[in-house]
Each structure stands twice: as C-alpha cells, then as structure tokens.
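2 protein chains.
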Amino acid sequence: MSQYTIGLDYGTNSVRALLVDAADGREAAAAIWGYEHGHQGVVLGRDPNLARQHPGDYLKGAEITIREVLAQAKKTVPGFSPDDVKGIGVDTTGSTPMPVDADGLPLAFDERFADNPAALAWLWKDHTGYAEAGEITALARKMRPQYLAKCGGVYSSEWFFSKILHCLRTAPDVFAAAYTWVELADFVPGALSGTLAPGKFTAGICAAGHKAMYNAAWGGYPDEEFLSALDPKLGGLRERLTKRVRSIDSRAGTLTEEWAAKTGLPAGVPVAVGAFDAHLGAIGAGIGPGTLVKIMGTSTCDITVKGNTEALADVPGLCGIVDGSVLPGFFGLEAGQSAVGDIFNWFVDYIRPGGKEPLSHEQLQREAAALKAGESGLVALDWNNGNRTILVDQRLTGLLVGQTLYTTPAEIYRALIEATAYGALAIINRFEEYGVEIAEIVNCGGIAEKSPLTMQIYADVTGRPMKVSRSAQTPALGAAIAAAVAAGVHKNFAAAQKAMTGLKAQVYAPDAEAHAVYRNLYEIYRTLHDAFGTPSWQGNLYDVMKRLIDIRARVRT
Amino acid sequence: MSQYTIGLDYGTNSVRALLVDAADGREAAAAIWGYEHGHQGVVLGRDPNLARQHPGDYLKGAEITIREVLAQAKKTVPGFSPDDVKGIGVDTTGSTPMPVDADGLPLAFDERFADNPAALAWLWKDHTGYAEAGEITALARKMRPQYLAKCGGVYSSEWFFSKILHCLRTAPDVFAAAYTWVELADFVPGALSGTLAPGKFTAGICAAGHKAMYNAAWGGYPDEEFLSALDPKLGGLRERLTKRVRSIDSRAGTLTEEWAAKTGLPAGVPVAVGAFDAHLGAIGAGIGPGTLVKIMGTSTCDITVKGNTEALADVPGLCGIVDGSVLPGFFGLEAGQSAVGDIFNWFVDYIRPGGKEPLSHEQLQREAAALKAGESGLVALDWNNGNRTILVDQRLTGLLVGQTLYTTPAEIYRALIEATAYGALAIINRFEEYGVEIAEIVNCGGIAEKSPLTMQIYADVTGRPMKVSRSAQTPALGAAIAAAVAAGVHKNFAAAQKAMTGLKAQVYAPDAEAHAVYRNLYEIYRTLHDAFGTPSWQGNLYDVMKRLIDIRARVRT
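Order-wise, the sequence lines are chains H and D. For reference, each letter of the first sequence is one residue, going 1 to 557 in our numbering. For reference, each letter of the second sequence is one residue, going 1001 to 1557 in our numbering.
Hints listed in this document are in silico derivations from the structure and should not be mistaken for laboratory results. The beta-carbon is built from N, C-alpha and C at its ideal position, and this holds for glycine as well. Possibly wrong hints are sitting among the right ones.
Which stretches of chain H does chain D cover? Using the computed rule of at least three CB atoms under 8 Å from a CB of chain D, they are [what the hints assert, rightly or not]:
| no. | region |
| --- | --- |
| 1 | 335-343 |
| 2 | 367-375 |
| 3 | 510-521 |
| 4 | 524-536 |
| 5 | 548-554 |
From chain D, some residues computed to sit far from chain H (all C-beta separations above 10 Å) [stated by the list, open to error]:
| no. | residue |
| --- | --- |
| 6 | Q1003 |
| 7 | A1073 |
| 8 | D1083 |
| 9 | D1110 |
| 10 | D1342 |
| 11 | I1343 |
| 12 | N1385 |
| 13 | T1404 |
| 14 | T1407 |
| 15 | A1472 |
| 16 | Q1506 |
| 17 | D1543 |
Given the sequences, and given the hints that come with them, work out the whole structure.
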C-alpha cells in the first residue's frame, strides 16, 4: 500500500496542495485556489508600500485544496484512500507576520478590526516599515552588530520586527490588542493541528532565524534590552514570542478532528513545522552540501547548506545564515537577486517592443538565441529592483550601456538575461570566496522550466553546468518531503530526498567559446557593478543612482 | 519689379530648388527631385562604410528643379518672369569629393570607370577611409599639430584627404586617372558657370577649410611635404588643387548659355561660390556674432561666428574653425552632435515600443510632455552614434541609467531628448569657456519645426530661450541669400539677412523650476560623460565602451 504526503504551498496570490507518493516523489494530484480578498489575494492601500492578506484565505484555501486533491486521487489513483495520507507539510511566503490574540487567533477575525489593514497579515512585499527597518539596522549596528552579521548587514523592511514596530507606531490599538505576532509559515501548521494557543505553539527556525534575528547562540530572539531600545512596548513583546522554535523535521502537532472533518483526511495526521517556500523548494530540488539551488522566478532565491559543525565565516551580503533553516544539522545560507524574471517582464510588458506584432518572451528568446555572446556590444546591470546579494542595496537602479543606432529589442533582451547571469555569478563567487564550495547548481522555478536560453546563458557565463529539478513544484514537493520526515515515513531528509527528488535529463553544459567571451564581459560588468554599487570606489559614480532616486522623489512630491 | 534668387540645396537623397524674393525672403516656389542612382540616391556596397553618389544626379537635379520652380512661379506669382532671377546659390552635403579629369569633368562620366564606385562622388557619410583618417591624424599630431588644432584634434574618415588617400590605396587606377578632386559644393557652381576647368575653377573656403585643412595662415592646403609623407602621389596632387579659394560673397561665374537653355533662366545670371548646407543654413537662420544656430535633424550642426580681427583660441573638440567659412570677415565655428533625431528614431523604429498600437514620435512626445523634469529618475548619454563635440570620439556608445521595473517608453523617450539637450549644453559651455559668447540660440531643421517638447526641454536644460528660424528651408534660403549678395542685389550679408531672414513668433522660454532640476541632472550627466568619455578620469570606465566595441568586432568576424 502506497503512502502519501501533502505539501501545502502558500504563494502570493494562491495556495496549492500537492499530493505526493512518498516512495518516489510522484505527484499524484494537485489543486490550486486563488485567494478571495483584495486584488488577486493582496489587499492594497493608497500607500504603494502596503500589501496585506486576509488570514481567512489561508484557512479556506487549505480546506478547498486538500479536499480537491483527495477527490482527484480517488478518481485517478487505483485503490487510493485518504487514510494513505501520512503527513502534511506547509511552505509559505515570508516574512508574512500577523497579530494574534491570546488564543493565537488572528486579530483580523476580531470584528473590532474588521476594517483595519494593520490587523491583516503583513505580506512579504509590504514595505511600509522601511523607516523602522532603517532604525533597527542603525541600532543593531551600534548595539548588537552580531545580529546583522547573520543577515547581510541590513535588516529589511520586509521583515518581522520592521512590520511590528511600524504597526506599533501607526496602529497602536492593533498592537495593543495583539497578544503576540506569528508568521504565516507557523500559523497554518498551528491552525491545522490546533496548537495556535500560547504554550502549545511552535515556530519554525526558518522564519525566526532569517527574518526575526533568532539565533540559539544569543539565546533566541533579540534580547529585551535591544527591543526596548527601539520601543519599550516592543521589548514587552519578547516574552510573548514562543520559546518553542524547531526545524522542519519536527511536528507542529497532528490534524484536529475539526480539520479532519473539513478536509476529509483522518484526524491525527502529523503536521510538520512550516518553512518558507524557497527553503522547502531547495529541499524539493535535492539540496545538500555543495549544491546551490537557484529558485528562478520574478526574483531569485539562491540557497545552499553547509554542515553546522564546520567553520563558517559570516559571508557579507547574504540574506541570511541560519542553523537548521533548510536542513536540520546544516547551516542554511540564503542569497538572492531582487529581480530576474521581473526585469524580462518589464521589458516585454512595459516597453512592449516590436511594433504592431509585439515581441513575446518566446520570440525575443528565439531571436536572442541566434546572437553570439558579445555580439550586441551591450552590457546591463540587473538592478531594476535594487540588489539583494551581494550589495544589499535597494537604492540601485538599472543600467544599459553599449547601444548604437541599430540596437534591437532581442539584443537588449539578451543583455538583460546576461546581466542576471552576471549577478548570479557574483553570488556564486561570493560563496566560494568565503569557503562555501559550490560543486553543483540545480535550478527550479518558472524560468528554469520555461527558458532554455536563460539556462544556457547561465551555463556559459558561469562556466558551470546548469541542472534543472525534475519537479516543477519544488516548494510543495519540499513541504511534502518535510511531512514524510516529520511523520516518520522516511527516517531523515537524506533518505527522503533520495527517494522523492530528482533532476531532469537535460543538463545545460557551458560552451567554451561563449564562456571565454563572457569572462571578458563579466570583467566589464564587475567594473560597472563596483563603480555604481560600492562607496569605496575611487570615482564618484556611487552617487549617481542615489541622486537620481532623490531627485525623482523630490520632484514627485 | 521684384528681384528673385534661387537656392539649390543638395541633400543626401534629393536636391531642392527654392525661389526666393530677395526683398523679404518670401519663398515663391520650391521643387524637389530625388536622385536616381543607388538606393534613394546613395550607391551602397558590400562594405557598410561605402556610400557614393553619381554626379549625373547633381546635374539632372539642377535642371529639373530649376525648370520646375520657374514653371510654378509663372503660374502663381503675378508678373513673374525668369528674367527676374538675379542669382543662384548652392549648398550641399560635405565632405563629398569626386575625382575629375583635366577638364574638370567627373571620372564617373568616363566610360572606362562606369562600373567603378571609386570614380563616383564619395558621399559625406562614406567611412571607407577610416584607416587613412587615423593615419592622417597620427601624422599631423607628430608633424603638423596646427592642422589638427583647427579641426577638433582629429581628422575624420568623412573628410577630403581620407577619401582621396583611400582611393589611392584601393583604386589606384582611378586615382591615377584623376587630374584633381573637387567637392560637390564647388562642382555644381563650376558646372553651372562653365568654370570646372583648371585655371577657372573656384573652391569655396567652407569645404576647403573645414574638410581639407585649408588655411591662409599656413599657405592654403596642407603642404606637399606633409601630404607626401602620407604618400608621394598625394603630395603630387597638391599643386593640382585650385589656388582660387573664395568665400560665398564671391561668384564662381555666371550661368552658361547651355545651362540657360536647359533651365529656362537667362544666361549670365551670377552663380555664387558654394558652401555646405549647415553653413548656409546658419545664414538662412540669421547667424551673426553672439548667435548660435542649431541645425537640428538626425544629427545636429551647431554654428556660430566671431569677428576675424578678434582673438580666438583653438577651441578643443570643435569640428572646425575656419576664417570666412560662414560669413566673410568672421571665423566660422562648427560643432555638432553625431546623433539627435537619429536616437529618437532608433527608439521608435528599432525598439518599436508600445505594443499593438506602437507609439509614434507624436504619442511619445505627448506622454513625455506630461512628465516633470527629474520625475523618471533616468539619465542617458547621447552617444548612440559616438560623440562629435566635445569629445570627438566615434568609439562611444549609448548609456541609460536609472530604470526600474516600472520605467515607461515615454520616460525613456524623454530621457533621450534630455540627453541630447545635455550634449547641446556641453557644446554651449565649451564655446563660452573659450571666449565665444553665445547670447542667442536660433534653431532650425526638422526637429525645431516639429517638436515643441524638444525645444522646451532644450530651453529648460540650458536655461536659455530657444528661438526658431522663420524659414523651414534655411539651407536653401541661405544659398539664395548668398546668391543675392554675390549678385549685388544686397550690398552685404548683414543687409541681405536683415531683409530675408526672420524668427517664428514663438520663443521657448526656460521654466525656472525645471531648470533648477536640470542643473542637478546635468551634473550627473557630466559625471557620466567624463567617466566614460575621458581617458584622464580617475576610474577605469573610459575603457568600458571601447572594450565592448572590440569584443563585438571580434565576435562578429
């Protein structure tokens, strides 16, 4: 009799359930449900920095999609029974924290706050707390530099405490009504297993470590003195943050009777501790020491791991280094590019080149594939949305150099792909400069699936083979793997990954001739990168992008 | 009884005749005729640098367009008679030299060379002599630095001796068969007045001074020793270059009986010495000391004059400083931008933004006009076709910085206009830094006529009012003015210009608020300009564009 697990994958606009055969990772059924609230699931405001979600969507989505995969499997998998489902795993966007009451229930469910966006879940891309992020960074730099050393030197406006502090400042009634705050990645497992209440509640190390400066080395979350220096009320919150912080081989609990009734699953199915989509995506792509997993979408997340008994320097510019955030027993190292597919989408959707028959991504890639490396004479910087790794600077913008009177859209499109490949190489080099060897690169996500040209250019630029994950749904698959481990179906992640993950047959091998050209072009990229991106550079170009942003801001107000 | 003159304006693709009332500059009739040979009048080759024209087109075009304006005027101007035409003036592209025989007739008319493109006229934009241009520059730098000081420090591949030396090297039979070489600007007046033969032939100071290093201060054309050092045969040519070099108040001769019969004009009509379109365009726009005339088209030509009894330093980066090349008694100073309208055309015609309903220049300008200075956060360099003034460097390319994930085509279009305005300001500043005061700016040409937005941005960027010439055909009008002076209808250019030129009523006044923003943006432009355009800059960005061009060239071969 087969054993199955379910991975629940909470994206920005929808939730997906994936029913996976724990023996071989085969995807037996899948269902997707778009959130009901706001615009495509995102509640927006007049402030363009605001992006919230209604927690009700998370619960309704779990119910609908789980029922749907069970119904599908009953039809298509001979002999399938919901009793064959042995575990549930959850991955989500993050940092997406929400205020909850003393029972662990979202304040968004409280009628008093029905119309207050501060009571909703603060979606990862909500940047309303940018001023507070600056404040936290400045204070930590002075008072607790060790906190910043593990998260790239800058505390982001996207993260846990920036959002909570901004709520405290701008919606004090909501802050006051909140017993504590929980991450979406922890809320869903807590809800499914009835462990939302304080004392029973478990937080995942992934969200706590990467977004809330949690580290066992300094006793967990940032200390009360530090938080109180930001605001005494924030200091007061510290003791109400859960002490139970676990990695994903642990269980948050088991499925309640109520959720069993809602979904059609048996009560008591183990529910794994949750983690972020990129981290479980890395697991679904087969991550291990020496393997870099690149989750390639609108932006990228680059993840690798290193044994937690080995020496590891603080790698500057990384988004985070957290023991156990990906695989138990390993440091999880996270880097990323602020925009990859988003840059290509900008060119196609905003510039809309090509005239009456606009050029699609497919056509541009076909034409771009006919060009040789270096043939366009163009080099771009991949900073249209800032630079996450290795510069950790949102106040950077795009740059294109080399255009003539004959430069074509396909040449620019290729230059944009190449720019993101140079950015990817800068990340790989940064890892290796600090002793984190990258022996293999596995790509997953939309671009890895859909753009052979991008994969080939990445191979040619980096001089390394580009492999692609077998699964197109690595986050959900990773969640299902975590479920299989937490439920004891597999004894550990190594065994579960061996059984349940794999690579596509096609490997993109670097072309020696193209790589030789790209070595020259990468030098030029790095010259521009360092000139415009580093304050220590001898020229005065570091100011150029920042001054343009300042002028833009001044003129627009 | 009214007195008229005719301006013949030889462009790249066609010739235009303009019949002008010498009393007030009113344009009584106009005719245009497209050249027959090659592609739109340009004979091309496999080498993309090759661009030639057939001299037969020049003669046929004069005949057809003069007959046509006379026919028109007879119909539309009460009492008009061809006897009322008192003079003919000629402006042409240049440097456009052609080899001629001992009678002054083009070798292209010789059957032996019927199929040899080297015997045609070498159009201004023929760049086949780029290696020879480098050779001439290098030799002059060593042997005759004074030659370069008057032409911006670099002898161009577009110019007279580069083309002749290239012919000598690559088509020695044509070089050997040529008695001498003449510029198109001198060929047409010589043909109309029957003065092509050596001894009778007159060259204009405009072409000789700006393109052939002619200067009375060193005895005319470059000396034989210098030319012989390039090639003894080139040295041998020197004595066969005409000694009669005159400014445009002189006559090349008077209309022959043969041409009178061909055109319907009376024989004996004075024919003025010819000059280049930009220089006569400046006259048609009302140039005088303190006035900068900007001829704004695909590229620009910026011309001013300064009394030739005043002190004048060698202004670095100018295309040329020639006594009498524009107005007799004044130094003619020529600067220019390698691409202006061509950059906007590139964006519209090559990138073709806007999707299914592609954005026209008009739509882009409408949307761009709604933006405030600085609002886009973009700055561009206007170097898609290199930089003529003030850097004199063809090996430069375009640059755009500041783009985000939301940058629109209209924002880029505006940034491109702004970039050309910054380039224009750099030229104005260069003039003034060297004591050539610019008190007034008069624009003419297609962009001045058609793009109020461009004019307004130029006013806002420079902080100076932008005026526009009344005539839309300033080169032909300038040729007609030269005809009026050479014929004695007006006693001098000041009187002729006062009577025959004027400004449009609308003046584009700088907006103080926009100008304040543009002062900041121009600083950023200059930072980029100096970083990428000057070898002495402290960074290493000067190499970036050149290395990209080298890689492109290597990959393409």
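Within 8 Å of chain D (C-beta), three or more residues of the region 510-521 of chain H: Contact hint for the region 510-521 of chain H vs chain D: holds, 3 residues under 8 Å.
Quick check: the region 524-536 of chain H, covered by chain D? Criterion 3+ residues, Cβ under 8 Å. holds (count 5)
If we take the beta carbon of D/Q1506, is the closest beta carbon in chain H still more than 10 Å away? Its Cβ never comes within 10 Å of chain H, the nearest being 26 Å, so this holds.
D/D1083 remote from chain H - nearest C-beta pair above 10 Å: Nearest chain H Cβ is 48 Å from D/D1083, so the label holds.
Separation of D/Q1003 from chain H, once the least beta-carbon distance is taken, above 10 Å: With a cut-off of 10 Å, D/Q1003 remains clear of chain H, as the shortest Cβ separation is near 44 Å.
Beyond 10 Å from every chain H Cβ - status for D/I1343: Contrary to the label, D/I1343 does not stay out of reach of chain H, its closest Cβ about 7 Å off (not over 10 Å).
Run the C-beta distances from D/A1073 to all of chain H and say if the shortest one exceeds 10 Å. Its Cβ never comes within 10 Å of chain H, the nearest being 40 Å, so this holds.
For D/D1543, is the shortest beta carbon distance to chain H beyond 10 Å? It is violated; D/D1543 is separated from chain H by about 8 Å at its closest Cβ, not greater than 10 Å.
D/A1472 and chain H, when compared Cβ to Cβ, separated by more than 10 Å: holds, 25 Å
Non-interface claim for D/D1110: all C-beta distances to chain H beyond 10 Å? With a cut-off of 10 Å, D/D1110 remains clear of chain H, as the shortest Cβ separation is near 36 Å.
Are all beta-carbon distances from D/T1407 to chain H longer than 10 Å? For D/T1407, whose nearest Cβ neighbour in chain H is about 6 Å away, the distance does not exceed 10 Å, so it is violated.
At a Cβ distance under 8 Å, does chain D reach at least three residues of the region 548-554 of chain H? holds (count 5)
The earlier numbered hints that this structure contradicts are 10, 11, 12, 13, 14 and 17.
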